[in-house]
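Protein chains: 2
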Amino acid sequence: MSDRIANALLRGKVMSADEAAQFIDHGDKVGMSGFTGAAYPKALPTAIANRAKEAQAKGETYKIDVYTGASTAPDCDGVMAEAGAINYRMPYQSDPVMRNAINSGEMKYQDIHLSHSGQYVEHGFFGQLDVAVVEATRITEEGHLIPSSGVGNNVDYLDAAKKIIIEVNEWQSVDLEGMADVYRIGHLPNRTPIPIINSGDRIGKTYIDIDISKVVAVVETNAPDRNAPFKPVDETSQKIAGYFLDFLEGEVKGGRLAYDNYIMQSGVGNVPNAVMAGLLDSKFEKIEAYTEVIQDGMVDLIDAGKMTVASATSFSLSPEYAEKMNAEAKRYRESIILRPLQVSNHPEVIRRVGLISSNGMIEADIYGNINSTHVAGQRIMNGIGGSGDFTRNARISTFISPSDAKDGAISSIVPFASHIDHTEHDAMVVITEYGVADLRGLAPRDRVAKMISVAHPSYRPLLEEYVERANKSKFQQTPHDLATAFSFHQRLLETGSMQK
Amino acid sequence: MSDRIANALLRGKVMSADEAAQFIDHGDKVGMSGFTGAAYPKALPTAIANRAKEAQAKGETYKIDVYTGASTAPDCDGVMAEAGAINYRMPYQSDPVMRNAINSGEMKYQDIHLSHSGQYVEHGFFGQLDVAVVEATRITEEGHLIPSSGVGNNVDYLDAAKKIIIEVNEWQSVDLEGMADVYRIGHLPNRTPIPIINSGDRIGKTYIDIDISKVVAVVETNAPDRNAPFKPVDETSQKIAGYFLDFLEGEVKGGRLAYDNYIMQSGVGNVPNAVMAGLLDSKFEKIEAYTEVIQDGMVDLIDAGKMTVASATSFSLSPEYAEKMNAEAKRYRESIILRPLQVSNHPEVIRRVGLISSNGMIEADIYGNINSTHVAGQRIMNGIGGSGDFTRNARISTFISPSDAKDGAISSIVPFASHIDHTEHDAMVVITEYGVADLRGLAPRDRVAKMISVAHPSYRPLLEEYVERANKSKFQQTPHDLATAFSFHQRLLETGSMQK
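Chains as they are written, first to last, in this note's numbering: chain U, 1 to 500; chain F, 1 to 500.
Because the hints were derived from the structure by calculation, they are not lab data. The reader is advised that the hints may include incorrect statements.
Copies of the same chain look alike in the list, so a pair counts if it fits in one copy or across any two.
Below, simulated EDC-like cross-link-like pairs (lysine to aspartate or glutamate); rule was C-alpha separation at most 16 Å, straight line [what the hints assert, rightly or not]:
hint: 1; residue 1: Lys450; residue 2: Asp438
hint: 2; residue 1: Lys474; residue 2: Glu106
hint: 3; residue 1: Lys472; residue 2: Glu494
hint: 4; residue 1: Lys205; residue 2: Glu142
hint: 5; residue 1: Lys406; residue 2: Glu60
hint: 6; residue 1: Lys472; residue 2: Glu106
hint: 7; residue 1: Lys214; residue 2: Glu60
hint: 8; residue 1: Lys500; residue 2: Asp234
hint: 9; residue 1: Lys474; residue 2: Glu494
For reference, chain U alone in the conformation it holds in the complex:
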């Protein structure tokens, strides 16, 4: 048995994943660790999937509700979705198999602001949580859990669940110990201010203290996180990153930002990584991240001495960077902090530190409403994630995206967003490879030209035509032509392209 399980009582609970899965009944509500492919349980999901398949073979049903921190991995969300083991899932996912199951109506999915998810469990909106399945790097002699590569909603799920199953993953470096800063948001009505003033403030413990009498099983694993390589930075991403940096420079010139202490929040992906690559060669110094996820680009900024601290709840690294993080966790834990999701995404702290948020999108409309989740208003991709937590409370909120997708078949700028995840009241700046649409201080009609200026040129005439029709409206605050507001999306559904 691994010496990573130092608590005597819990050593007595070690068993196989299949045995542990017997503690999870059909209909159970299960809270799992896992956030953007890191720190998810590696063994239980397959065992759960197997239970579902066995039940089906006997003509029975075995389905559970699964709550996580955010997205997990093929060997977690993927296997369970494939086996039809999930009835309901929240708050975020990005797995292709699961996405198909959701879009085909086979399983239920609720897309929830990440900062709300743990809180809703605490408040009892889902009823009693049955089981928490949480990965740890090790278990201390006292029975405390040392978080692995992410914290997510672990504290909330461990506190709320009747039963706890712990996976101890030998793959995770023991040097991660000290990176987590575990702070419990007081339960209502006993909430007090969260004492974070600066992104780098540590306010909690390096471990999660749990009620060990609730632990029914400990499972040993040795498996890597899902660490997907990033695509090399393409020309479009580079152009967008260039405009983003221009925007920051403009803020400096306008006296609204300094070269020191720019505080970054960043969604995950290739464009954000291009932005971070751009920052490497910029005049910005002492950059801080108060964000959800540590990405390759932030590691580079730390290594280059450009970023002083990165606060997040989890990692999303390429395999190469994940190796490096594991090997050098002792060094990185000086400048990286992993917080519970409720803290990393808390409106209170986000607003206090004064960050500039930067998130991707599926589409924006001419008035600045943002669709982050549904293609043509119906086909869900991933989910809102923390984009709402950060956008609403950022000092400046930006959305960055290529101006089109699918070889030009889809425009990222449309007349009317077909699903609205961030409203015209929240989005301040939209950036594509064609420039920056700075919507701050503008009434809706004054935003239109700015938005069309960042659309792909091939879509600008169609957008102009729409605006001409819309402007015939009797009502000029937010003119629309409702009969053709979704014409771009209808064409996409009918012909495969938004182009005429």
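Here the structure of chain U is known, so what remains is to put chain F in place on it, guided by the hints.
Chain F in isolation, oriented as in the chain U frame:
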């Protein structure tokens, strides 16, 4: 001269409103006091309107940008809009004349989350603020302002403006002194936690300290706030209030709420007042309000010993209650606190106290997206106000509304909300006179039947027909039929009714 102006320097600045208006130039950005008809400047707006008319008579233009706390009154927003004196207005309005000017395209209006408005001025998103025009009850010997019946964005505007004009309104009771709790949110990067733990905590000063060297004019007034009578509670409001109370009772039964210490946020209007009347006879005790606006119903709850404290930023009272407030301000200031808008609506405090929000709406769609602002997506009514601040950060967010409007011509439940101010990620509960749609924990498709159950019966078949069409979609997360998603609104625009 009134002895309400105790500062010697400022006594030397007393002049007429017309003289004071000469300090406001064409093109100026002007921050005014005023929130839901209380504490707005009573004299300058008319003087500004006159300047605009004089300029027009000479073939010249005189227009200013006006920022306030929220809505004001006919003798403020109304006279300025009527005179064409306003170029741009934020963050909220409700004046009929101004609304028409906005909808006809004569003036620009940006509808901003109230909690963002003062902050955007601080951040310089609008450029330099030229003038602050702020009503006070009196000016102390030191030159401090004692707020009148509201605080709103006064601190932000007084701090940011180059010039200050003060109106001292004799109508406002001097006994209001002590009701305001003026706390300055630190400017970035020096923000610290706001030390409010409970709704009733006082953390600031009873006055606003200003840079008196910026004061260019002091104007004496003696005029009442706009205090509109509430309509008597009608049957529909009473039914909605009944369902709201049933909902609260359900929360108590479910162990998610206690009869003591229910913390209320409430929008303004007849339905909220009916809810408060219902609370008078309920089992709920030690109710607190952490809200924007003090209304008649809260005064009744305080008088009945049911409400221990009401924290807000302003008043919206009937004339009768305004008289009472003025006469008995000494007593009421023991249980009423008026805070700066940035504090009353701050995400940090709202989330910490754990309130149940309750706001009106124009329409909700079958998936729980909420339109608070635009009829048929285009004709703006008032604005989002603080509904986003409270909805997003509430422990439980509710929307309460009659199921129809305009004698049945408009349904409050529609297939696709024609303007989305609160997304499916934010709205938890929708209540009409037909019941409670509790959407918590439900995937989008599972919300549909709940939403239709609270629609007006005359619209249910039309909604069912839409759902049948929508469910033919290839994508089952949020099925829609985009060709007919706005069919209700198109019929309304074409025929004057959403009914077929």
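For each hint, the structure was consulted:
1. Taking identical chains as interchangeable, the C-alpha atoms of Lys450 and Asp438 lie at most 16 Å apart only when both belong to the same chain, with a minimum of 7 Å there against 39 Å between chains.
2. When the C-alpha separation of Lys474 and Glu106 is checked against a cutoff of 16 Å, the pair qualifies only between copies, where the shortest distance is 12 Å, while the shortest distance within a copy is 44 Å.
3. Proximity of Lys472 and Glu494 under a CA criterion of 16 Å is satisfied inter-copy only: 14 Å between copies versus 27 Å inside one chain copy.
4. Taking CA atoms no more than 16 Å apart as the test, Lys205 paired with Glu142 passes inside one copy only; the shortest distance there is 14 Å, against 48 Å between copies.
5. Taking the closest pair of Cα atoms, Lys406 and Glu60 never come within 16 Å of each other, the shortest separation being 41 Å inside a single copy and 52 Å across copies.
6. Within a single copy, Lys472 and Glu106 get their C-alpha atoms only as close as 43 Å, which misses the 16 Å cut-off; across copies the closest is 15 Å, which meets it.
7. Taking the shortest Cα distances, Lys214 and Glu60 never come within 16 Å of each other, neither inside one copy (29 Å) nor across copies (78 Å).
8. When the C-alpha separation of Lys500 and Asp234 is checked against a cutoff of 16 Å, the pair qualifies neither within a copy, at 28 Å, nor between copies, at 52 Å.
9. Taking the shortest Cα distances, Lys474 and Glu494 sit within 16 Å of each other only across copies (12 Å), while inside one copy they are farther apart (30 Å).
In terms of the numbered hints stated before, the structure departs from hints 5, 7 and 8, listed from lowest to highest.
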